[in-house]
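Colleague: Next come the chains, spelled out residue by residue.
Number of protein chains: 2
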Amino acid sequence: MKTDFEVTVLGNTSSIPVHGRNHTAQVLRHGQSHLLIDCGEGTQMQLRKYHIKTSKINHIFISHLHGDHYLGLVGLLSSYGLTKRKNPLFLYGPKGLDEIITTHFKWSNNRLSFRLHFIQTKDEGLNLVADLPHLKVYSFPLTHRVPTTGFLFREKPGFRNLIKEKLLKEKLPLEAIQTLRNGMDYIGPDGSFYPVKEYCHPKAPVRAYAYCSDTIFKPEISEYIQQVDLLYHESTFMQADLDRAKTTFHSTAMQAAEIAKISQVKNLLLGHFSSRYGVLDDLLAEAKTVFENVMLSEEGKTYPL
Amino acid sequence: MKTDFEVTVLGNTSSIPVHGRNHTAQVLRHGQSHLLIDCGEGTQMQLRKYHIKTSKINHIFISHLHGDHYLGLVGLLSSYGLTKRKNPLFLYGPKGLDEIITTHFKWSNNRLSFRLHFIQTKDEGLNLVADLPHLKVYSFPLTHRVPTTGFLFREKPGFRNLIKEKLLKEKLPLEAIQTLRNGMDYIGPDGSFYPVKEYCHPKAPVRAYAYCSDTIFKPEISEYIQQVDLLYHESTFMQADLDRAKTTFHSTAMQAAEIAKISQVKNLLLGHFSSRYGVLDDLLAEAKTVFENVMLSEEGKTYPL
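Which chain is which? The protein sequence lines are S and E, in order. Take numbering that gives the first Met the number 0: the final residue in the first sequence is number 304, and no numbers are missing along the way. Take numbering that gives the first Met the number 0: the final residue in the second sequence is number 304, and no numbers are missing along the way.
Note that these hints are calculated values from the structure, not bench results. Treat each hint with caution, since some may be false.
It does not matter which identical chain is used: a pair holds within one copy or between any two.
[As the list claims (entries may be wrong)] As a list, the in silico EDC-like pairs of lysine to aspartate or glutamate whose alpha-carbon atoms are at most 20 Å apart:
#1 83 / 240
#2 163 / 184
#3 217 / 240
#4 48 / 298
#5 260 / 219
#6 260 / 169
#7 83 / 242
#8 52 / 298
#9 105 / 122
Note that the structure is predicted; figures quoted are calculated from it, not measured.
One chain only, chain S, in its complex shape (with noise of 0.2 Å):
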């Protein structure tokens, strides 16, 4: 079976929080692991409302600082603080976001009950960014009015899941298991053989989920997330108003799937969504003039791998 890959939208809107619509932070949950990626203004109230443990988040993401990406980081810290937190905490973001944390914390003279880890993003090339135990981390640039990344999570190959009606049958040793588990043929000392091919399931191939928001139509950008499994991709604007998304440097619905297209990806999710769209059908439909297999971002939905 393979293991749960998902990720819980908590907020899809641009700029100011009208119609309902909350600031831009993602829950990527992949097993037991649970990554935040962006922390708009209201994202610890936003993880209490979908049941989401604060707890569990031990990794957070943040692509680039205008308010409505990190303004709930601080909050969230000092929540974690005032809950006693003991887990470290590793926090990734760009030049500049620690001077901010620390600046807060400098004047609520609060410290915090844990290890905070701070690891800079660069704003060029591929760079990995966390290696954890089920996921790596890479940050790849975006281009937007201050520096900004986008974030791929690509799932590591993990152990190959044995045929447990071969198992039953079969009594194998303890180190046949673990090197068929590795995906290798075993050779007993007597010269017994095992082919993984046998004895194992074909392994799962890994997944991907690649993050970007926000940025102007960045074509180049495809070479970091080609056939990723779930695409993200700023969506602020339509097609009718591609003059406000170049001078704001973000991007359309159409420019979004462009990027899906070019970058051979599953599925495409759309989000940060301006405010002067009350509906978002149209730019739905926009995309799917270009790219078919395309969703909205809905507030406290979750979205499989």
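Position chain E relative to chain S; hints supplied.
Modeller: What follows is chain E alone, placed relative to chain S:
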């Protein structure tokens, strides 16, 4: 008719925002004038939820630099920038608030579209911080883990209202009307005498609102808030948790009631409830044993003075 003078509670929780409660923020309305008092995380969403136009707010008062009292401020200022606010904004708060705001805007590469005037509050004595057309606002020191002030909002004596029936019967010169409204008798050039008592309703007594959050039990503040119409006083804990109140520099519901009693206020409004209390009735009952006219602050509810 008296000018509307009322306070709307946008959040009533301390520390961890559980039970669907939000962090501290209040809107004090006096006629057309809207003042924001504290600005916890999510305040801009709460303002929209309760249909209070953010553009109407020209003055923001921050009591202290703990996150649950100001972390919504940068988001609100950012939204003002996005909506191209032009009116100047006056911000009152302790030393450090300006540095926090400056640090955020330095990294966001955004500029405000309006003038932001910062008035630093002092943590000693009663100080006039804002002299508005119909209100005077004073700060006074509370005792908490960081420099903290309460705020006193006192109505200015207004014009007296003329008695309509008299005006319909007699034709008064404009000069007489102005003099009478200012509360003085008028003597015409021909020696005619218009006593203010005969032509005007008695002057409405000036009203006052006092805001005290957060503070350890501090009877000394009573001198600043004597006989106010409405006192908001934090009541983070119940008397059973008095030790916890002392070590965290907070007050109990009973202590808040004690302050109301010795200050001879008309009404007491409790708030800033600890997340440990799921139901708040016991805090109200405890306060009532000391002071009868007491209410629990409820999110979205408006309390007239």
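Colleague: Evaluate each hint against the coordinates.
Modeller: Do the hints match the structure? See the list:
1. 83 / 240: between (47 Å within a copy, 19 Å between copies)
2. 163 / 184: For residue 163 and residue 184, only the intra-copy Cα distance (17 Å) is at most 20 Å; the inter-copy one is 103 Å.
3. 217 / 240: For residue 217 and residue 240, only the intra-copy Cα distance (17 Å) is at most 20 Å; the inter-copy one is 57 Å.
4. 48 / 298: Both: 11 Å inside a chain and 17 Å across chains, each within 20 Å.
5. 260 / 219: within (13 Å within a copy, 69 Å between copies)
6. 260 / 169: Cα proximity of residue 260 and residue 169: none, with 48 Å in one copy and 83 Å across.
7. 83 / 242: between (48 Å within a copy, 19 Å between copies)
8. 52 / 298: within (17 Å within a copy, 24 Å between copies)
9. 105 / 122: between (28 Å within a copy, 18 Å between copies)
In this structure, the one hint that does not hold is number 6.
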